[in-house]
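Work out the full structure: start from the sequences and follow the hints.
If you're matching them up, the sequences are chains A and B in order.
The first sequence lines up with residues 2 to 297 when you count with this note's numbering.
The second sequence lines up with residues 2 to 297 when you count with this note's numbering.
It cannot be assumed that every hint is accurate.
One copy or any two copies: either way a pair holds, since identical chains are not told apart in the list.
Below are the SDA-like pairs computed for lysine to any residue, each with C-alpha atoms no more than 25 Å apart in a straight line [as the list claims (entries may be wrong)]:
1) 262 - 222
2) 139 - 211
3) 180 - 20
4) 152 - 252
5) 152 - 251
6) 24 - 139
7) 128 - 55
8) 217 - 232
9) 102 - 60
10) 114 - 20
11) 102 - 52
12) 139 - 20
13) 128 - 53
14) 102 - 211
15) 102 - 23
16) 24 - 113
17) 114 - 28
18) 39 - 141
19) 128 - 97
20) 139 - 22
21) 277 - 222
22) 128 - 101
23) 249 - 219
24) 128 - 168
Don't read these hints as lab results, they were simulated from the structure.
Number of protein chains: 2
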Amino acid sequence: MTEKELIALAGARFGKRRPAFLKVGIGDDCAVISFDAKHDLIVTCDTLAEGTHFLKGTAPELLARKLLAVNLSDAAAMAGIPLWGILSLAAPKNVPEAFLKRFMAALGKEAEKYGVSIIGGDSVRGKDLVLTLTLAGKVEKDRALLRSGAKPGDLVVVTGRLGSTFKSGKHLTFEPRLKEARSLARYFSPSAMMDLSDGLLEDGRRMAEASGVTLKLRGADVPLNAGADLKGALTDGEDFELLLCVPKGNWDEKKAERFRKRFKLELTVIGEAAKKSGESLLLDGKAPQGRGYAHF
Amino acid sequence: MTEKELIALAGARFGKRRPAFLKVGIGDDCAVISFDAKHDLIVTCDTLAEGTHFLKGTAPELLARKLLAVNLSDAAAMAGIPLWGILSLAAPKNVPEAFLKRFMAALGKEAEKYGVSIIGGDSVRGKDLVLTLTLAGKVEKDRALLRSGAKPGDLVVVTGRLGSTFKSGKHLTFEPRLKEARSLARYFSPSAMMDLSDGLLEDGRRMAEASGVTLKLRGADVPLNAGADLKGALTDGEDFELLLCVPKGNWDEKKAERFRKRFKLELTVIGEAAKKSGESLLLDGKAPQGRGYAHF
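This is the structure:
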């Protein structure tokens, strides 16, 4: 059972009588909820567990940064503006108070940097350090970018460079693409967007399946991080770059160049969406082997 | 360092430039956020960890019920109406898939009972079972009942009976006082309300400190659960009843009787709020010894 299937079990009961306020439920980077006259609320929740997402001994400042950043990356994926977060912290008795204080102070400081308020939380004793942040933000009414909107003929585009995120430590220090996502939404009106957390293969398949298309990627065009090969770029995971589909008519190389200069960030066309065939994702015309990084 | 002090570290940075949307931040049962023209949004987050909140071997249906109920109890404490929840689940590899499926199905079913949608979540591998639910709801604009509004002269009132919640298993099967809270708000316009999670002593002190009063309680009037003595009623914790302060002029014994009949639930005046003196809480005129149940 995958994580998605598991979470869906609790949400499935609402498939038939979905509440009126719920615009997008389980399955996208954020849930989307009716908010005020001009905005929808977006909500996401990410958990970091010792041993799975970080090793014992990781500095509390890096943990705070990553906990916030993985959630901000989900908000970015919807082209949203983050507003507030609520924390849950489970910690063993032997975690020094100084560690917890450093973590909390760093979380507050990082959150402030992104205009996010930590508005509450819960802390409990556990055998293991487990950190959960629920993050909410806003997006212009009905303008949240979903992963389900890609259409045959759209260009497949990725920000930044992929792969080697664990080896390089980038998985702890990456910059969530919040401003970049807002610009991409304005420049190109993408048909679909998501963040890359489990690797281009796995996440690309998810976008394809949610959209009912096949993504056809060109391996040679996938931008690689220093030290990464194509396999790593496809499957290492935790890139936290944006994957988007752009209707061909909306793509404009001049705007793309403006984006690259403004954000000092790659923006690369790596393939095309096509009519759904047997495989949800093809790499250079073939079904690639391998899955992404499984966090569960 | 207490839990409250810890969580406050991340929120403290916003003391000076509190965002306009945040009406109540860290320190009450829920945070209160500007929502639409008629409502505020209330948000809370509670975590259950194996060994702290439940023992290994507890049925997944009971865990799902409790996880939802502790959060619903926080929504009740604000006189709010719950709307949606977002789940985080950290589970060791050796937890059988059947257990997780039962947990998720039960969570969906319980949530449905209270009109709550599970709108998303995250599941990760951890060494321990740690369950976090973030719950949001709504309340009429500026009508959330806070713990900070008690005034000298107010009556101190409690719903239900207290104590012996672990021995009796009531801590797993309690009913969150959602409808009761809405009625209490209508009947008595309480000046302050909170739910009792850490015991009457500890939580009573919190209400007194938030309100800047001293609560004077009468031990003989504290309603006891079967098998509980006064000490247990004061300190066992996990009662999840409501503690409220009611301006004397708003108290009406006929309405109280109507409440008791309607909900088949005790509603008992157990003391009075007084001008702040040295102690935040007095029991029969004396400062009681002992703290509540510390979950952290």
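| request: Mind listing which of the numbered hints don't hold for this structure, in increasing order? | output: none
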